[in-house]
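Top to bottom, those sequences are chains A and B.
The C-terminal position of the first sequence is numbered 101 in the numbering used here, with every residue numbered one higher than the one before it.
The C-terminal position of the second sequence is numbered 394 in the numbering used here, with every residue numbered one higher than the one before it.
Source of the hints: derived by calculation from the structure; they are not laboratory data.
Beta carbons are placed, not taken as given, at the ideal position from N, Cα and C, and that holds for glycine.
Please note that the accuracy of each hint is not assured.
What the hints assert, rightly or not - Computed Cβ-Cβ distance ranges for the label pairs, DEER-style:
no.	chain 1	residue 1	chain 2	residue 2	range
1	A	T19	B	K120	51 to 59 angstroms
2	A	G36	B	S225	23 to 31 angstroms
3	B	R342	A	K2	22 to 30 angstroms
4	B	A114	A	A67	56 to 64 angstroms
5	B	I241	A	S46	56 to 64 angstroms
6	A	F50	B	T242	23 to 31 angstroms
7	B	T337	A	I73	25 to 33 angstroms
8	A	L34	B	S353	40 to 48 angstroms
9	A	D28	B	K120	55 to 63 angstroms
10	B	I241	A	E14	36 to 44 angstroms
Claimed, not checked - Reference listing, derived: stretches of chain B covered by chain A, where coverage requires no fewer than 3 residues with Cβ under 8 angstroms from a Cβ of chain A:
no.	stretch
11	315 to 321
12	326 to 340
13	345 to 351
Said to hold, decoys possible - Straight-line alpha carbon distances no greater than 20 angstroms define the calculated EDC-like cross-link-like pairs of lysine to aspartate or glutamate that follow:
no.	chain 1	residue 1	chain 2	residue 2
14	A	K100	B	D338
15	B	K103	B	E188
16	B	K302	A	E88
17	B	K250	B	D132
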Amino acid sequence: MKIDIQGPLLTVSEIHELTAVNSASFRDKVSAALTGTTTTIEINLSQTRFMDSSGLGSLFALYRATAKREGVILRLLNPMPEIQQLLELTQMQQLFEIVKR
Amino acid sequence: MKALLICPSERPAVPHLAKPGPLATAPSLGDCVACHWIEHLAAMGARHIQVIAADGADQVRASVGDGARWGVRVEVIPANSEPTRREAVSLYRHAADPGWLPAPYDVVVASSLPGNPDLELFESYGSWYTALVAWMPKAITPSRIRVTKPQPGIWVGSRARISPSAELVAPCWIGDQTVIGDGAVVGPGSIIEDRCIVEEKASVTQSWVGPDTFVGPMTSVAYSLAWGGTLIDWRTDSSLRVPDPFLLSSLSKPPFPDTADRFGRTQNAPAPTGSQSGLIMSLRARMGRAPSQ
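If we strip away everything but chain B, and leave its shape as in the complex, we get (with noise of 0.2 angstroms):
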């Protein structure tokens, strides 16, 4: 059986999720959005995905693979705009060809997430948070033997740590291989990706957290979408590149690139004053220190 998934091109409502790739792959509960979609076609007998990019195609294609994954066999076809189902179906599907999956699931969009088709997930970011968080209990198949439900509501990727004295509110979603430090608050409706580090008194509520994020000790994350050091309210969609590395930052590249040192010190910056060598060996001792188990 075939199946085509259509990614979605530009959305202007969403800048800030394309920005690392195409929306296709942007994060989303521990895999990309298209990821989501193979492996839900793939479990409804489709052998032969044919993924039709408009967008970073060569970056799709190095997110979702050759399909050996999913036991498919995947083909990404770069496009020169996001063509419409109707013209998806008369471009790549023969109506001669018997062997596709029933409609709807011949031809899909990745705009939104196998089993919420309402729910778009680009129209806004408030969108994106909603869908989500509402797509949180379907997003355990059985392929994800990495994520475990310890209590209802809450997720726990297998390799997270989470020190005891953290609260987890239902529902939240900790992403696998998370930190979560002593006395942080996560939930109810929170979603922390892979790769996170909350640190210790740090809140996140109602909020999704990128993968690879750190997230500073005592900082208030609520009704917004921290990816790095980009913060934005899902409810107003205004956005705030945070200037901090140590309140929130991207724990995937240096904080600053081109003349830092592992701790931020610029070649020309002034030498730190009392309280900012306080902070910075404050920093490094809980850079240093793991949360207990």
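For reference, chain A alone in the conformation it holds in the complex (with noise of 0.2 angstroms):
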């Protein structure tokens, strides 16, 4: 997993999965990542080929640490198919602004 900051863009990329094995430190990386200057977050989610309900989870608590920071934006960017249908069975597609670049 790679965290890239440039100013107030956190840019987190080069996820392979996102799964119990390795959701708790990722949330916890991004989280600890974050700075007051922050006001996007933008997951790369184009190499992730596989995400668990962990996986789901971390993300969901990326969107409530950020929902506290006011003006603070989360994005998913370019989701596999497969990772797309798994946001929308579980209807988080309308938690996130999902883009594809």
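Put the two chains together into one complex; each comes in its own frame, and the hints tell you how they fit.
Structure (structure tokens):
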């Protein structure tokens, strides 16, 4: 997993899977990388091939964390069709801004 | 009168439909595709139906039996490959024999449903969904006494249990012994096959749910085919194996067949955390509670 901070933009990429094995460290690392000036968080899911409920839970935890910070936007980028299906199945696509670039 | 029924063999566009068995045995509105055809041919006067099965002849035979349920004699004949209509005529139908149903019902390929020859079942997942939804009004035949039609465009198996707070939107089909939970929404354009559970506040729209499938609470199935733990978007043909059985899973086998007990705990799994314990307790409570009639 790679975390890149460019001013107010925090980008998380190279996530190959988001499961019970790594969801806690994902959540902790991203939370730790948040600064007072962060206004946009982009989670690049283009390489994410597998996600389970723990992975979904970590995304939801991030959503709740950002919801407490006024004006912070959380975006999911380029999810694979399978991950998009999982987000739709759990109705989580209603919570996140999903962008395809 | 005689008739030939050719079972479709492999169709590369719909591999997930063929996983549990041959395509001719694929479940469609409470029965298998071949069974619908045998019933139709029997109603047209056929008394001896030869079923040509190039794929899984034993499974086809197990599904259709000997034909006694339709009052006909059914003979399943294994073949090396799926014959074309012309090949089947030359191999199995002798021109001198007059005792055949009139064309085109003398030789039929079970790649569509009776009465809808233009809607191919196995060209894509989208064609499967489209053909089934289009055939819904034709699926009730005199022999199908276990399906009722409480409202126009809504068909319900007589042993299905539907919560009073569930919402059924026409057209939709609820299979026999299926349970629809509190606040669930089914339809429009949805087919829930037999022995499914759609849990509370789940929604199934523009979708087909295969038999023995559990759709978990709050889960939203839309524009999809859901069968066991497999979810297929019929618009894009993309498929997903849903990793968490409380969202979507098969009811006919345990989610973790090798080591799990009935609540999905594996022998070597770490002890559940606080939130997981709460979820398991919640699932236990739900599994022990049947929706109100």
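Now for the hints, and whether the structure bears them out:
1. Under the hint 51 to 59 angstroms, the C-beta atoms of A/T19 and B/K120, about 24 angstroms apart, miss the expected range.
2. With their beta carbons about 51 angstroms apart, A/G36 and B/S225 fall outside the hinted range of 23 to 31 angstroms.
3. Range check, B/R342 to A/K2: Cβ separation about 27 angstroms, and the 22 to 30 angstroms hint holds.
4. Between B/A114 and A/A67 the CB atoms are about 43 angstroms apart, so this pair departs from the stated range of 56 to 64 angstroms.
5. At roughly 47 angstroms, the beta-carbon separation of B/I241 and A/S46 lies outside the given 56 to 64 angstroms, and the hint is violated.
6. Judged by the Cβ atoms, the range 23 to 31 angstroms given for A/F50 and B/T242 is violated: they are separated by roughly 44 angstroms.
7. Distance hint for B/T337 and A/I73: a CB-CB separation of about 27 angstroms, consistent with the stated range 25 to 33 angstroms.
8. Under the hint 40 to 48 angstroms, the C-beta atoms of A/L34 and B/S353, about 45 angstroms apart, fit the expected range.
9. Checked against the hint of 55 to 63 angstroms, the C-beta distance between A/D28 and B/K120 comes to roughly 39 angstroms, which is inconsistent with it.
10. Restraint check, B/I241 to A/E14: a C-beta distance of roughly 54 angstroms breaks the suggested window 36 to 44 angstroms.
11. Interface restraint, the stretch 315 to 321 of chain B with chain A: holds (3 residues with C-beta to C-beta distance below 8 angstroms; minimum three).
12. Only residues whose C-beta sits within less than 8 angstroms of a C-beta in chain A count toward coverage, and the stretch 326 to 340 of chain B has 5 of them, enough to reach three; the restraint holds.
13. Taking a C-beta to C-beta cut-off of 8 angstroms, the stretch 345 to 351 of chain B contributes 4 residues in contact with chain A, enough for the three needed, and the coverage statement holds.
14. Restraint check for A/K100 and B/D338: satisfied, since their Cα atoms lie roughly 19 angstroms apart, inside the 20 angstroms limit.
15. A threshold of 20 angstroms between alpha carbons decides the hint, and for B/K103 with B/E188 the separation of about 17 angstroms falls inside it, so the pair holds.
16. A distance of roughly 15 angstroms separates the Cα atoms of B/K302 and A/E88; the hinted pair therefore holds under the 20 angstroms criterion.
17. A C-alpha spacing of about 17 angstroms is found between B/K250 and B/D132, which places the hinted pair at or below 20 angstroms, so the restraint holds.
Taken one by one, the earlier hints fail for this structure at numbers 1, 2, 4, 5, 6, 9 and 10, listed in ascending order.
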